[in-house]
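Asker: For reference, the chains in residue letters:
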Amino acid sequence: MTLPSKWARMDWPLLLNALALCAIGLLNVYSGTRVHGVPGTALVTKQLAWILLGVAAFFAVYLLSDGFIEEAANGFFIAVLLLLVVVLLVGRVRGGAQRWIALGAFNLQPSEFAKIAVTFALAKYFSRTYRYGGVGLREVLPAIGLVLAPFLLVALQPDLGSAGVFLFILAGMAVVACVRWKVLALFGTAGAAAVPVLWFFMKEYQRQRVLTFLNPELDPLGAGYHVIQSKIAVGSGGLIGKGYLQGTQGSLRFLPEQHTDFAFAVFSEEWGFLGSFLLLILFLLLIYRLFFLTIRSQDRFASFACGGIAVFFLTHIVINMAMVCGLFPVVGIPLPFVSYGGSSMLTGMMALGAAANLSRSRFTFQGGGGKGRVIGS
Amino acid sequence: MTGRIRKREQDPDITRRSRILLYIALGVFALLIGRLYWLQVVESDRYRMLAENNRLRLRTVRAPRGLILDRKGRAIAETQGSFDLVCSPVDVKDLQAEISLLGEIVEFDVDDPEVVDKIRSAMRSNPYSSITVARDLRFEQVSVIEFNREALPGFSVLVEATRSYPYGTAFAHVLGYVGEASPEEMERSEDGSLAMGDLIGKYGLERLMDNVLRGVNGGRKVEVDAAGRDQRLVEEVPSRAGGAVYTSLDADLQVTAQDALGNRAGAVIALAPRTGEVLAFYSGPAFDPNAFARGIRKADWQALNTDPRKPMQNKGLQGTYAPGSTIKPFLAMTGLEEKMQEKEKQVLCPGSFRLGNRVFRCWREKGHGAVDMYRAIVQSCDVYFYTLGLKLGPDRVAKLEKATGLGTITGIDLPGERKGLVPTTEWKRTVTKERWYDYESVILGIGQGAVHLTPLEMAIGYATLATGGEVMRPRVVSKVIEKEGKVRTFPPEMLRKLPWNPENVDFIRKALAGVVNDYGTGGSAKLPGIVVGGKTGTAQVASVKGKMIKSEDLPYEIRDHAWFVAFAPVDDPQIVVAALVEHGGHGGSAAAPIVKSVMQEFFRTRPVGPERKGGA
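Listed in order, the protein sequences are those of chains L and D. First residue of the first sequence: 1, per the working numbering; consecutive thereafter. First residue of the second sequence: 1, per the working numbering; consecutive thereafter.
What the hints contain is simulated information worked out from the structure, not anything from laboratory work. A hint or two may mislead.
To be verified - Keeping only pairs whose Cα atoms sit at most 27 Å apart, straight-line, the calculated DSS-like set for lysine-lysine is:
no.: 1; chain 1: D; residue 1: Lys-497; chain 2: D; residue 2: Lys-479
no.: 2; chain 1: D; residue 1: Lys-399; chain 2: D; residue 2: Lys-118
no.: 3; chain 1: D; residue 1: Lys-419; chain 2: D; residue 2: Lys-399
no.: 4; chain 1: D; residue 1: Lys-93; chain 2: L; residue 2: Lys-203
no.: 5; chain 1: D; residue 1: Lys-399; chain 2: D; residue 2: Lys-428
no.: 6; chain 1: D; residue 1: Lys-221; chain 2: L; residue 2: Lys-242
Stated by the list, open to error - Here are the simulated distance ranges between beta carbons:
no.: 7; chain 1: D; residue 1: Leu-56; chain 2: L; residue 2: Ile-144; range: 49 to 55 Å
no.: 8; chain 1: D; residue 1: Leu-26; chain 2: L; residue 2: Lys-46; range: 30 to 36 Å
no.: 9; chain 1: D; residue 1: Leu-26; chain 2: L; residue 2: Val-195; range: 25 to 31 Å
no.: 10; chain 1: L; residue 1: Leu-239; chain 2: D; residue 2: Phe-139; range: 31 to 37 Å
no.: 11; chain 1: D; residue 1: Arg-120; chain 2: L; residue 2: Leu-211; range: 23 to 29 Å
no.: 12; chain 1: D; residue 1: Arg-297; chain 2: L; residue 2: Leu-239; range: 51 to 57 Å
no.: 13; chain 1: D; residue 1: Val-116; chain 2: L; residue 2: Leu-186; range: 57 to 63 Å
no.: 14; chain 1: L; residue 1: Thr-41; chain 2: D; residue 2: Leu-95; range: 38 to 44 Å
no.: 15; chain 1: D; residue 1: Gly-219; chain 2: L; residue 2: Lys-46; range: 39 to 45 Å
no.: 16; chain 1: D; residue 1: Lys-93; chain 2: L; residue 2: Thr-129; range: 56 to 62 Å
no.: 17; chain 1: L; residue 1: Trp-199; chain 2: D; residue 2: Glu-104; range: 43 to 49 Å
no.: 18; chain 1: L; residue 1: Leu-239; chain 2: D; residue 2: Val-216; range: 35 to 41 Å
no.: 19; chain 1: D; residue 1: Leu-56; chain 2: L; residue 2: Leu-88; range: 17 to 23 Å
no.: 20; chain 1: D; residue 1: Leu-26; chain 2: L; residue 2: Trp-199; range: 28 to 34 Å
Stated by the list, open to error - Sample of chain L residues facing chain D (criterion: CB under 8 Å; computed from the structure):
no.: 21; residue: Cys-178
no.: 22; residue: Tyr-205
no.: 23; residue: Ile-232
no.: 24; residue: Gln-249
no.: 25; residue: Gly-272
no.: 26; residue: Thr-294
no.: 27; residue: Leu-314
From the three backbone atoms N, C-alpha and C, an ideal C-beta is built for every residue, glycine too.
Chain D on its own, in the form it takes in the complex (with noise of 0.2 Å):
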């Protein structure tokens, strides 16, 4: 009987058997509370932020950059709607298959390791955010993008906002480009206000009038669920437009240039000389600064940046070259106000020059005779200013030219500007550790030897001749408007003013417009009914010994440099003009025709009348 009945009184081993289960029991939930208490209590901040990141994405609103016009209020620079591929990283599923859909539907080069990389960071550092893949889609492929969605989780199409410059190259140099703020931007933008794929002006205007242009970027703040798909908006920031920048350049005269410097390389730039305001400034060969706002492929940016001809250098404020016989009229303004050379001094000419055993020819072979100082600034009569040159010494000749502007920063807002070199001999001594020679100052009276200066040094030079001594700060931009709508105006700005006597201002405008009038060598760039001014120069690249040979003869590398700045009218000038053409041969015949056309172009609209005259 005892042991059929199973009451378990006598079993005090099962409730201690029990209890320890109980035990058990109390300490797993212990644990679990604790677990619980770390991941809520301790770690919540944590997770709380990446449950947030799960579910909302901030999708980008670009501001539109704000527009660069014209003198005449057209858009040279704007922006406009474009179709772009963006990645949103966390999205993507298996980049490799995405990339290669991609791929046949985009002409984006799959293997381009740049933008898979880019992505490829991204997913890892900043999953977050998006990323432009390509820009500027056309519309068959982004109806195909949209019709393979599926296939295309992390990828998808927005329309954005892009650059556009309606004159392609031929604002090139001045405007310049946008590209993709760098890493490095980005850090550098104090305020984090460069996000990710913002574009940034990176060279000319674009760079230095970033701060005005570049808008403030707003943003949609999206509920997504777990696939990915919007949800809802929680929030929205809307993004507030860049200012605009208004220039003194002019769109048709721009093109003019561009069109009569042609192929060639080189630099045309024009000036209104009593304000400094440049009109136009082109620099050959240029670049599409299009391509650069739709991104530029490596291979693109390779090709310019390897060309001889180095279209991605501004020649009009970069390059220097020997001004040749640009230089002349100031050497004969430093002979005339140094009171060292009056205008009627006759100089004989029998084709050359002796100095000791050295001679220096004269262009013209078999001489000019006697010449005094307008018939030799007419006819560019070499020996006259080798003369010239070596009784007025570097140092009067330097004087002059730096004051009116050459071998200067002439401050213009543009960015890279580098400044030529007018020698001296204090600059020799220093440089080189030798003493001036004679025959340097011979060869400094036709613009060769150590000068060298830029075509944007040579229009304000030459600016300076024609106001008689006015030394004006060339200015491209004219006004701002800021994108909080203040506006900031750029008035002209007089560097200084030379004490020049009058007369001799007088006398050497005469000469300049006998240059081209009075059978001299810038004939070739007379107007009709505008009496213009200006000196050819023609700066040997090198110097060939013997013969004389023509300058078409050479191969391309070392013909001559063809220079020709003038301006216009001569007793009340409007414009001043500076063409230089690389390797362009003679300068009557290769850049007077550009400053002509320029020039032609700039009175078309401007009738130059007597209410005109003495007009400023």
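Isolated chain L (complex conformation) (with noise of 0.2 Å):
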């Protein structure tokens, strides 16, 4: 495909959508990162440089050729996974986690990238092993295996925020890929049982997040803090919120991590829950457009790989967004484009721009002729 026809069949809608998420980000990055009122700007031109960034990435990937992705997706994820186990062995230790690898001024997070490397792979290994009628629990046991490796690794780190998006991506998959209800409900089944086991394995922190989840006045100075901090900002917001600026729960540090995962917060008490409605249909439009191509995608790999990236994103979306208004324990996970942070801001447009690349297959003409694209010819 030529650059003009690339450019022809460019989804704008799909990046002007993650724009104004990015615009919304920077100003309330700007609010989240004042201290007692005054603005601090430095994290603001990062935050710029990142979308900047983020934008050639969503446009680097766009342009790959077509198929080329489908075609890289396994050297992808076992390249993330070696950054995986890099990050446990050098990585940097913050708040008592290794999720980062320092490059030069900005701290990278390969569990991040992972998130995508793993729909890719998945999106490549259900496009091979689809039937009519239903995969069957033979052909999903492997794909377990795919997702097993990146999921401990980050585990591991610790970061079972991080771990258990893969888990969503992989049941988000198998629905779109068409495993058969009967082994979905037997996984589900399993994975309820599992809990018990999981609670097993858990740090002491990680329990005590569970439980102050389940009552935060437990413990209101402590565990239970981030939780109700944060549904004093969210709910002292109102209806039309304080005006931006003039939150208080950010400014004068009732909030932790104002400007990364409890970035919501600061929005929500400035803007209140006209503001908040208005960002949620922001959100809501692009999980749209991703299902959108999702149905429309002429190819399989196509098909799964935007439904991979549908649910990543829906993963993101609500676990934070219910984190922040205490329907759900307190862990890491960005909120896309709207959250500080580099890693996140790269997956999510390099993840929009494959399915951007992805969705041109949906111009092509059937049968094997033309510019069609076969895999495997």
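Hints in hand, dock the two standalone chains.
Answerer: Listed below in structure tokens is the structure:
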């Protein structure tokens, strides 16, 4: 496909939607990094740089030739697995967890990229095992094995939040890839049964988080503090919010991580229910667009990959917001495009770039001829 | 070929499955929106309040309490700055650790459950207000606390206004004391003007004049960060100081009265007879009101309350004592006014008086011989007054005594006044269901039996004798300046004027002058250049059968109470002084010198010359 035709088939709504979210995120980072009313500009500049890099990454992935993503999927997956091992060996310890690789001024968080790599690898696997009438147990087991490796590596950091995202992606893609309902029910039951076992493997602070999630008032100044303060920020925003830069929960440091994981708390304190509602609509449009691409893609790999990307965003958005609203335990999962953070920004943009790239295939003609993309031909 | 083509038109399942996921996504988003609606619309007021509570601290700026002044404008109760240790419960991180650290710096009782409990309960019920933990820290303590700021996030030192009494114990019973308002008192202040830790008058003038003295608290609304550090002042309402109370008291006289009574228990009251102004009012033993203002310790409070000499009791207006011989001028006056006993009539005193088979002794064993009324008063002859008491009966005596103010509430502007008892036949009938016996009239003549009076009543009674029948309401407060600036004055108030024959008044005054100046029992109250008139009294506490035993030889608790009540100058009374010494023995030796000291001090600055004579 030529560059002009790629340009002509570019999915602009997808990028504009993401850029709108980035703009909101940038404003929010500016407000969220204020300390005692004095705005902090250093992180805003960095975030702007991340957005620009993200857009570049978007186009870099978008402009990849047809079929390249599918072909490179396994290589990408193995590379990211290696990175995850490297993190465990030389990673930076911050807040008791080993999640970052220092790259000059930036810290790279390979677990973010791993989410995309897993999506592509699963899409490739499921596109091969797809069977009309449903995929059976025997075909699903290798897919689980595929996810287990990055899951364990990330869980070891320990970053149970990100590790959990792999399971959501796997489950979502299994639904899209037509794994039989019986099999899905079987694993659902097995997963529920595994919860007590998981409890046994959890670290003390993780158990504490779950317990305080169930009853934050148990320890209002300790583990329950985040949830309580976050709910106060959201709730005190009211219908129309306190106004931009008028929030107090963030700038007086009652909110922890107010520009990263709790960015949404800062946002909804200042913009209220109306602002939060509009933000949710923007996210919903993004998700809807990705599912639209899933349905409309002419190619199984593209369909599955777009579905996986949709589930990836959905998981992040829902878990992050539910956590801020006190509906989910506190886990370190950023809100796409809104939270401060480079790895998350690059991952998100690359994922959208991939979706835009893959969705080009929906314009290809039926049959094996022409410029249609036929794998294996 | 077909199997290898991964076109998916032939896979409607994928579309169906994707739609299912999309619906799940829509459902989850709806759930999130519902949750946001719940938090931000339904519950928003609650969270807004929580956010404000997070952010804002109300720091009370206590209003200084108003001054209390003596008649010469000297402060007898004032307000001074003191370094107070204040706890902000919401900022306490580890109460036990912070308290034990404080225990090393401030000598405050770390195990004192009162303080710890108070903080604990405030942490639950009212964590955003502040509590005064210790008052009046020394400068070194303040600097050590400031040095340890990081380890004491919940505590801070504030300069607070504290009550201070420059004359110490001297004015204790008049001024009373202040203390932190109790929860009940906070509830009772209907305008909600009392906050936790506010000082309120608990006793004496501090309590009576609390509305005038208490200022209006101001406040500072301060924004704090998550660490509790002040960020900026949001709002400030200045406090307004309390008003001033001017009294008729004379600090010099008060100190003299205290010194004269010394360690003994009793009361000394000085009045201006023509106006009812109280010049000095001391009750001993006293307490230190400064200790209360700084938060008295439980042990000290207990010690004050279990002391058998009752330092917390104002003996001047709450203690009642048999009047003893100080009652005699009232009987004489009754005899004269009722025209039942002429002053010239002589009574023979052989040292005792017989009624039926009872024998009543005179204090002078060998007797006074034939005495008229003047001699009987001057020598305090008991036999004369036994016969007079018997002759007059209780009801006539009571009528005159009550008219002068004895056995009545005098209406002094100090809280807690009690009245004594002047018995009548009616009283006896209703209380004991028995008739009045003649022997009771006999002992009533010398101020024994059922009769008992407060020193204040005695001072008012003698003021009435001195002025010839003008009964004035005793007054401590002369003027009040309210916090709004409004001035209220309290002019002398005459309760009644008794229609006494001036000749009789003149005679009684002369006889009382004789007690002091004519070889009478009150000789030790004699003053050079000023004619003092007064009467001694020795009130029996326990009747000792058989031989007369000297009071000094008895155990303290059953020794007689000593009275002396006097006024001066006799022809133009300017001051009445009543002194009572509990278990002091004889009035002439124990109480009269006290009265003399007070009068000496009074006249030191007020020369009594011709120019003063006749003046009021």
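Asker: So, for every hint listed, does it hold in this structure?
Answerer: Now for the hints, and whether the structure bears them out:
no.: 1; hint: Lys-497/D to Lys-479/D; verdict: holds (25 Å)
no.: 2; hint: Lys-399/D to Lys-118/D; verdict: violated (55 Å)
no.: 3; hint: Lys-419/D to Lys-399/D; verdict: holds (16 Å)
no.: 4; hint: Lys-93/D to Lys-203/L; verdict: holds (25 Å)
no.: 5; hint: Lys-399/D to Lys-428/D; verdict: holds (15 Å)
no.: 6; hint: Lys-221/D to Lys-242/L; verdict: holds (19 Å)
no.: 7; hint: Leu-56/D to Ile-144/L: 49 to 55 Å; verdict: holds (53 Å)
no.: 8; hint: Leu-26/D to Lys-46/L: 30 to 36 Å; verdict: holds (35 Å)
no.: 9; hint: Leu-26/D to Val-195/L: 25 to 31 Å; verdict: holds (27 Å)
no.: 10; hint: Leu-239/L to Phe-139/D: 31 to 37 Å; verdict: violated (53 Å)
no.: 11; hint: Arg-120/D to Leu-211/L: 23 to 29 Å; verdict: holds (25 Å)
no.: 12; hint: Arg-297/D to Leu-239/L: 51 to 57 Å; verdict: holds (54 Å)
no.: 13; hint: Val-116/D to Leu-186/L: 57 to 63 Å; verdict: holds (58 Å)
no.: 14; hint: Thr-41/L to Leu-95/D: 38 to 44 Å; verdict: holds (41 Å)
no.: 15; hint: Gly-219/D to Lys-46/L: 39 to 45 Å; verdict: holds (43 Å)
no.: 16; hint: Lys-93/D to Thr-129/L: 56 to 62 Å; verdict: holds (57 Å)
no.: 17; hint: Trp-199/L to Glu-104/D: 43 to 49 Å; verdict: holds (44 Å)
no.: 18; hint: Leu-239/L to Val-216/D: 35 to 41 Å; verdict: holds (38 Å)
no.: 19; hint: Leu-56/D to Leu-88/L: 17 to 23 Å; verdict: violated (46 Å)
no.: 20; hint: Leu-26/D to Trp-199/L: 28 to 34 Å; verdict: holds (32 Å)
no.: 21; hint: Cys-178; verdict: holds (5 Å)
no.: 22; hint: Tyr-205; verdict: violated (19 Å)
no.: 23; hint: Ile-232; verdict: holds (5 Å)
no.: 24; hint: Gln-249; verdict: holds (6 Å)
no.: 25; hint: Gly-272; verdict: holds (6 Å)
no.: 26; hint: Thr-294; verdict: holds (5 Å)
no.: 27; hint: Leu-314; verdict: holds (5 Å)
Violation of the numbered hints given earlier is confined to hints 2, 10, 19 and 22; the remaining hints are satisfied by the structure.
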